[in-house]
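Chemist: Spelled out from the first residue to the last, the chains are:
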Amino acid sequence: MELFLMALTNGIMVGGIYALVAIGWVLIYKCSGVLNLAMGEMTLIGAYLSLTFYSMGVPFLLALLISISIGFVLGILTERIFLDKLIGEPVLAVIMLTVGLSFLFRGSVELIWGTDTRVFDPPIFSLEPIMIGPVSISEVYLWSFIAAIILLIIFVCFFKYTRWGLAMQATADDEMAALSIGVSARFVYAVAWAIAFVAAGVGGTLLGNINGLNISVGYLGLLVLPAVVLGGLNSIPGAIVGGIAIGLLQNFTGVYLDRFFPGAVKEVAPFVFMAVFLLFKPHGFWGWERIERV
Amino acid sequence: MSTTFLPCGDYHQNYAQEHAWWQTKLIKGKMILLFLFLFVFIPGVADSYWISVCNMVGYTILGALGVQLLIGYCGQLTLGHGAFIAVGAYVSTMLILEFPWPQFMLDWGIAYPVSVIIAGFAAGIWSVLFGLPSARVKGFYLILTTMAAQFITVDFLLTQYVSQIGGRGQAFSLPVGTIKIGPWVIDSDIKVYYIMIILVIFFCIVMSNLIRSRVGRAWVAIRDNDISAEVMGINVVKYKLLAFFVAGFIAGITGAFWISNLAAISPEHFPWFLSLFLVGVILIGGVSSIHGTIFGAIFMVVVMELLQLAVMPLADTYPKLLMDFLFIKEAAFGLAICLFIMFEPNGLAYRWWQIKNYFNLWPFSY
Chain S
1 MELFLMALTN GIMVGGIYAL VAIGWVLIYK CSGVLNLAMG EMTLIGAYLS
51 LTFYSMGVPF LLALLISISI GFVLGILTER IFLDKLIGEP VLAVIMLTVG
101 LSFLFRGSVE LIWGTDTRVF DPPIFSLEPI MIGPVSISEV YLWSFIAAII
151 LLIIFVCFFK YTRWGLAMQA TADDEMAALS IGVSARFVYA VAWAIAFVAA
201 GVGGTLLGNI NGLNISVGYL GLLVLPAVVL GGLNSIPGAI VGGIAIGLLQ
251 NFTGVYLDRF FPGAVKEVAP FVFMAVFLLF KPHGFWGWER IERV
Chain V
295 MSTTFLPCGD YHQNYAQEHA WWQTKLIKGK MILLFLFLFV FIPGVADSYW
345 ISVCNMVGYT ILGALGVQLL IGYCGQLTLG HGAFIAVGAY VSTMLILEFP
395 WPQFMLDWGI AYPVSVIIAG FAAGIWSVLF GLPSARVKGF YLILTTMAAQ
445 FITVDFLLTQ YVSQIGGRGQ AFSLPVGTIK IGPWVIDSDI KVYYIMIILV
495 IFFCIVMSNL IRSRVGRAWV AIRDNDISAE VMGINVVKYK LLAFFVAGFI
545 AGITGAFWIS NLAAISPEHF PWFLSLFLVG VILIGGVSSI HGTIFGAIFM
595 VVVMELLQLA VMPLADTYPK LLMDFLFIKE AAFGLAICLF IMFEPNGLAY
645 RWWQIKNYFN LWPFSY
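Chain order of the listed sequences is S and V. Using this note's numbering, read the first sequence as starting at 1 and increasing by one per residue. Using this note's numbering, read the second sequence as starting at 295 and increasing by one per residue.
Careful, some of the hints might be misleading.
[Unchecked claim] Computed Cβ-Cβ distance ranges for the label pairs, DEER-style:
hint: 1; chain 1: V; residue 1: 403; chain 2: S; residue 2: 87; range: 53 to 61 Å
hint: 2; chain 1: S; residue 1: 181; chain 2: V; residue 2: 603; range: 56 to 64 Å
hint: 3; chain 1: V; residue 1: 653; chain 2: S; residue 2: 89; range: 39 to 47 Å
hint: 4; chain 1: V; residue 1: 333; chain 2: S; residue 2: 77; range: 25 to 33 Å
hint: 5; chain 1: S; residue 1: 180; chain 2: V; residue 2: 301; range: 29 to 37 Å
hint: 6; chain 1: S; residue 1: 180; chain 2: V; residue 2: 521; range: 26 to 34 Å
hint: 7; chain 1: S; residue 1: 111; chain 2: V; residue 2: 524; range: 23 to 31 Å
hint: 8; chain 1: S; residue 1: 77; chain 2: V; residue 2: 603; range: 17 to 25 Å
[What the hints assert, rightly or not] Quick list of in silico lysine-lysine cross-link-like pairs, PhoX-like style, CA-CA up to 20 Å:
hint: 9; chain 1: V; residue 1: 623; chain 2: V; residue 2: 324
hint: 10; chain 1: V; residue 1: 319; chain 2: V; residue 2: 650
hint: 11; chain 1: V; residue 1: 322; chain 2: V; residue 2: 623
hint: 12; chain 1: S; residue 1: 160; chain 2: S; residue 2: 30
hint: 13; chain 1: S; residue 1: 30; chain 2: V; residue 2: 432
hint: 14; chain 1: S; residue 1: 281; chain 2: V; residue 2: 432
Quick caveat, the hints were computed from the structure, so don't treat them as lab data. Owing to the predicted nature of the structure, the values given are computational and were not obtained by experimental measurement. Even glycine gets a Cβ: it sits at the ideal position worked out from N, Cα and C.
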């Protein structure tokens, strides 16, 4: 029972971070129709930026803020330089462009920061676990979850109440109508990429706090895919549920199935789940179902 | 980008001429020169370093042919082709090392060829298994299932289970002499080169004949619009799965061929990077073009080697460069893909077609 509760809480906590990154992914897809495979490298860039500033002696929150603002600029630049030209191109071209971007980003990250595992030093969160009833949670997980939730709320408010957010919703809903009432679609695409970069950066920083930061944190970018498939590609609530579900799935398989399939079952389970899930419900739980059959 | 224009004054007079492989005497001459170049010139002139580069090119061509078939001709996006190459390589290795071959088969050296063919079929069936979702989903969702194929096959099954057979742990070593075809023991780069060149020519011919047959036309129809293809009476699911089988078969043969070049085989030879690399190769070379596959492979491998040759002299002064070169290579590969998609979406094959037509039509370009 204790094991079960621990897997449950850890799953939800890590799932919160996945949900955060998944929101960035869904945002890009919703606004510009780009299926982004470079999400993992975007988390890496954000995480390494905050780590660099933190190890230079900047307080953690300030370092995070600086990395967020650099991420914002980088997102706009990426959209302007690479993706602006490809609006309306076939889906393969756009996907492969993001694959190209992911190689470019990863190569640059390895070139600048090397491949050794780096940790936030001195540690930001204490290593003492916090006891909630019978369950112990490490402080990193708890704070990551809280940060993820706060960011999720900020994002939701942003979309509901600000001018930019409303413009983005309008573009996602019907691009032509949005253009005709004076929303600049190119501006919206750029902001979507910027926000995705920010979300990825924060997610990466939190993950880097858990286990230290190295290139494999970028693996998270791939875990986002099962999450968004589960929720439906164009649904923000779906991304949150999907992220938490994938976090749970990972922790439960890690706890219960590792005995039967020793090794990397935790890493593969989301993908097996995704492949099977796609057979039965390809549009996810909340995605739009296009009526088109093969 | 279908056929090249014939020079002014050359006309086809019957259908057989139009379907001929070598349509004019000039083309026949050029082809004979090409064969001489491949079979006599390169083995005679190149040293073992460049032969190994050529082998790498051939391996890339063979691997990318299957991707070209799936993406370029059947429209089924795949990002997990490395998994099927891995299946071929592992099936062949396991058969050679673990299967109790009758002594006469070992003596006659037919164990390896037989294992290559079995590997092809095994990889084909494995590929069909992961192509099954294509009956229901397409586009981006298919990318996800093929990606799952990569992680399930290489990162899970091969790393965690197959590599443990015989208690070896990580890699299977292939001692010299285990791989032989007939009386020839495949132990040097030049022998691998000859196998490679024969396989490449064989599969290019098979592919181009498939593409212009009934099967190929069905694939192209599915690629262009699967709904209208079904309306026209094409059994979409059957042909999609057939495409997956053929692509997997080629991948399996590729993997089984490649073990002749390796001293040991481990899952690290087939990372996800390989799958992405192969898709990058056909994008750079040109989608839906067999020429494109070849050009893309040559471009990617040879340009990277040249980059390495250019960087190496600097390594004496900046020793850090030697280690960082891998990362530079990765970033350069990504940038190359981005630039090609943005500025040359038809790939190198399109340029080649333009140049060829220019010279064919010169000086009367009408």
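Chemist: Cβ-Cβ distance between residue 77 of chain S and residue 603 of chain V: within 17 to 25 Å?
Modeler: For residue 77 of chain S and residue 603 of chain V the Cβ distance comes to about 32 Å; the hint is violated.
Chemist: Tell me if the straight-line CA distance from residue 623 of chain V to residue 324 of chain V falls inside 20 Å.
Modeler: violated (35 Å)
Chemist: Does the alpha-carbon distance linking residue 281 of chain S and residue 432 of chain V stay inside the 20 Å limit?
Modeler: holds (13 Å)
Chemist: Do the Cβ positions of residue 180 of chain S and residue 521 of chain V conform to the proposed distance bound of 26 to 34 Å?
Modeler: holds (31 Å)
Chemist: Is it true that the C-beta distance of residue 111 of chain S to residue 524 of chain V lies inside 23 to 31 Å, as the hint says?
Modeler: violated (49 Å)
Chemist: Holds or violated: 29 to 37 Å for the Cβ distance of residue 180 of chain S and residue 301 of chain V?
Modeler: violated (53 Å)
Chemist: May I ask you to test the hint 56 to 64 Å on the CB atoms belonging to residue 181 of chain S and residue 603 of chain V?
Modeler: holds (57 Å)
Chemist: Do the Cβ positions of residue 403 of chain V and residue 87 of chain S conform to the proposed distance bound of 53 to 61 Å?
Modeler: holds (57 Å)
Chemist: Could one say that the CB atoms of residue 653 of chain V and residue 89 of chain S fall in the range 39 to 47 Å?
Modeler: violated (31 Å)
Chemist: For residue 30 of chain S and residue 432 of chain V, compute the direct alpha-carbon distance and say whether it is at most 20 Å.
Modeler: Cα-Cα ~19 Å, so holds.
Chemist: Hinted pair, alpha-carbon criterion (20 Å max): residue 319 of chain V, residue 650 of chain V. Please report holds or violated.
Modeler: Measuring from Cα to Cα gives roughly 16 Å; hence the hint holds.
Chemist: 25 to 33 Å was suggested as the range; check whether the CB atoms of residue 333 of chain V and residue 77 of chain S agree with it.
Modeler: At 50 Å between Cβs, range violated.
Comparing the model with each earlier hint shows violations of hints 3, 4, 5, 7, 8, 9 and 11; every other hint is respected.
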